[in-house]
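Read top to bottom, the protein sequences are chains B and C.
Numbered per our numbering, the first sequence spans residues 155 to 721.
Numbered per our numbering, the second sequence spans residues 5 to 85.
A portion of the hints provided could be inaccurate.
[Unchecked claim] Listed next, the in silico BS3-like pairs over lysine-lysine satisfying Cα-Cα at most 30 Å (straight line):
1. B/K351 - C/K85
2. B/K654 - C/K64
3. C/K9 - B/K673
4. C/K64 - B/K459
5. C/K57 - B/K654
6. B/K330 - B/K298
7. C/K9 - B/K493
8. B/K493 - C/K18
9. B/K673 - B/K323
10. C/K18 - B/K654
11. B/K689 - C/K57
12. B/K689 - B/K166
13. B/K493 - B/K441
14. C/K85 - B/K298
15. B/K305 - B/K351
16. B/K551 - B/K459
17. B/K558 - B/K166
[Stated by the list, open to error] Output of the computed footprint for chain B on chain C, the stretches with three or more beta carbons under 8 Å from beta carbons of chain B:
18. 35-41
19. 46-54
[To be verified] From chain B, some residues computed to sit far from chain C (all C-beta separations above 10 Å):
20. F211
21. G212
22. G238
23. E286
24. K298
25. H299
26. A349
27. T428
28. S472
29. R474
30. E664
31. N669
32. R672
33. K692
34. D711
Hints were generated in silico from the structure; no laboratory data involved.
Built from N, CA and C at the ideal position, the CB exists for glycine as well.
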Amino acid sequence: MSNIGSYEQRIKDFSWSVSENELEYKHGDVINIGWYCSDRICRKGKADKIALYYEGFGGIEKKYTFNDIRLAGNTIGSFLRSLGIKNEDRVCLFMDRIPELYLSFLGVLKIGAIVQPLFSAFGDESLFVRLENAQTRAIITQRKHLLKVRKILDRLPFLEFIIIVDHNKVKPLEIKEVAFSLEETKPVEHIDIYATKAESPSVLHYTSGTTGQPKGVKHVHYSLISQYLTTKWVLDLQDDDIYWCTADPGWVTGTSYGIIGPWSLGITQCVLDTGFSAQAWYKFIEKYRITMWYSAPTAIRSLMKAGDEIIKNFDLSSLRHLASVGEPLNSEAVIWSQKMFGKHFLDTFWQTETGSIMITNFPGMKVKPGSMGKPFPGIAGVVLDPKTHEPVNEPGKIGLIAFKPGWPSMMRSYWNNEEKYREKFINGWYLSGDRASIDNDGYFWFVGRDDDVINTGGHLVSPFEVESALLEHPAVGESAVVAKPDEVNMEVVKAFITLKPGFTPGPDLELEIMNYIRKKLSPLAMPQAIEYMDKLPKTRSGKIMRRLLHAKEWGEDIGDISTLENE
Amino acid sequence: MEDMKDLVLNYVIKEYMEDGDEEITYDTPLISSGYVDSFSMVSLLVFLENKFKIKIPPDKATPEAFDSVNSIVALVNQHLK
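Bound conformation, chain B alone:
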């Protein structure tokens, strides 16, 4: 029997108090995610239960009980306090998926500070704009990422502490750098948990839009109410499950469902911190007898590409439930997973801003391959007419996916950007920026983005950010960036550029520009294709017509070109 039981019944009598009651939370109480994910689980008698199995490259294995993660959170929190970090200070986590990343998440929250997790593959410029925007006071990182931090330190007057968790004592520390080793620090048995309330800020995740710099999505501790219940009902985690969320905590899935959801339920989870290979992934599932696997379409398609034969070498019979997130899961992948694992990957739809799953296929619900599923109980999800912003009632008609605000994990603001935040709401609806239709049975069907943001491998990349970075390359005169279709990643970045006088187009320059963006922004933002142009298509007012280039890439009708600049 699944945790959700009957979806129809849950819809009928739904209230978020279900989650509040299970978490023993009452309005006005202290609610601290760090405490809920560790101390509370220990109090429930699971102190000795494994919270985390970790495996890194080279066969490094570690495991932590819930008591271990409680102590680690205390120890890290105490250390941060000893530096003077206080509630609502922003503390960035800039690490690979090592245990310290997960444990620091709890430590930062326990002292009431705000966690700012950032993807460790970010280049120095991507790191800079996010730290500057959040006026981050401390960053916890590894030796291998230190050069990127040092490079931008002069431009970050608010950044006071660079905490290195694996300092080898060979090279001297530089200005503002502090070494901290969890293994060499005496565990702290007791810490005064900061008395955060429902609306106290907790996590600051950054997301990209079409225009402007990335936006810091502010979440609060009350988000736990959504994350706990969606984990329980959608991911269907049960007490004896072994859970694997393949997402990196630099992105929202990696925190909402890679830390908060499973640990608030007292579930054992596994982390594999190595590069992708089908063999390594299957071996990991077999070794830890993983029962619930939450992954992404890009990974699933990569596994499909690796072939069916390899699967036969592994015993994957422990798997009982599969789900997917990040981009639409194509029907071929859904059908393939049924064939290979005897189960469908159930698609889940949500965003950094929503903080938790909004539309999904539930355990026990009839799966329509390729569909997003139905809204979570308590979530009023609709598609809106793009012109009137009124809900569309006609089945199959495409509109904008929108939600009625008010669910517990909804973002509370964009950091220092109230104007952008307000733009997300029209007619009392939160606009997701995605388009879909709804069929006769109430299933949502994803169509695409409503803007120019590129969804590559489930991660959003801002064309504006890439275009701006391209212009800083000495050879680039003008640039336009669009999504290019891709079999595995759904979309990848493609750049159209003109060159400044004196530069000659060629493959070596192309590679140089690719690497320039990869290091400056991130591998995700690196154009996987560059096309040289004599001039970019523009409107008569001089605005680059990105839409035209996008249509060309996707073989679509170019539409109205009456505003196109004449030759």
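Guided by the hints, dock chain C onto chain B, whose structure is given.
Leaving out everything else, chain C in the frame of chain B:
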């Protein structure tokens, strides 16, 4: 052959190794270790195609084929005329 290996090795160190302290050899796993991710693999592919004037078909440019300097060099040799 050794020249080719060193050329690829040095390029990988220069472009993908963030920490100068880490040492890699011809056999060090690159993709499965996480030194080179699947997105960055594309730039490594472009480097090889440019440098050795070859065209590697997409179905041959797999994470396994790119997983070490030795396997990369073997892949390049298959496509050299």
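Consistency of the hints with the structure:
1. B/K351 - C/K85: 68 Å, violated
2. B/K654 - C/K64: Distance of about 36 Å is beyond 30 Å: violated.
3. C/K9 - B/K673: Judged against 30 Å, a Cα distance of about 24 Å means the pair holds.
4. C/K64 - B/K459: It holds: about 12 Å lies between the C-alpha atoms, which stays within 30 Å.
5. C/K57 - B/K654: This hinted pair holds, its Cα atoms lying about 26 Å apart.
6. B/K330 - B/K298: Holds, because 17 Å separates the two Cα atoms, which is no more than 30 Å.
7. C/K9 - B/K493: 42 Å, violated
8. B/K493 - C/K18: Measuring from Cα to Cα gives roughly 43 Å; hence the hint is violated.
9. B/K673 - B/K323: 27 Å, holds
10. C/K18 - B/K654: Judged against 30 Å, a Cα distance of about 27 Å means the pair holds.
11. B/K689 - C/K57: 28 Å, holds
12. B/K689 - B/K166: 58 Å, violated
13. B/K493 - B/K441: 22 Å, holds
14. C/K85 - B/K298: Judged against 30 Å, a Cα distance of about 39 Å means the pair is violated.
15. B/K305 - B/K351: 37 Å, violated
16. B/K551 - B/K459: It is violated: about 34 Å lies between the C-alpha atoms, which goes past 30 Å.
17. B/K558 - B/K166: 17 Å, holds
18. 35-41: Result for this restraint: holds, n = 7.
19. 46-54: Coverage by chain B holds here, the residue count being 6 at a Cβ distance below 8 Å.
20. F211: Non-interface label fails for B/F211: nearest chain C Cβ at 5 Å, not farther than 10 Å.
21. G212: 8 Å, violated
22. G238: 29 Å, holds
23. E286: At about 21 Å from chain C, B/E286 clears the 10 Å cut-off, so the statement holds.
24. K298: At about 4 Å from chain C, B/K298 fails to clear the 10 Å cut-off, so the statement is violated.
25. H299: 6 Å, violated
26. A349: Given a closest Cβ separation of 39 Å, the condition holds.
27. T428: 6 Å, violated
28. S472: 23 Å, holds
29. R474: Holds, since 27 Å exceeds 10 Å.
30. E664: Violated, since 7 Å does not exceed 10 Å.
31. N669: Given a closest Cβ separation of 6 Å, the condition is violated.
32. R672: 6 Å, violated
33. K692: About 29 Å separates B/K692 from the closest Cβ of chain C, which puts it past 10 Å; holds.
34. D711: At roughly 28 Å from the nearest Cβ of chain C, B/D711 sits farther out than 10 Å, so the non-interface label holds.
The earlier numbered hints that this structure contradicts are 1, 2, 7, 8, 12, 14, 15, 16, 20, 21, 24, 25, 27, 30, 31, 32.
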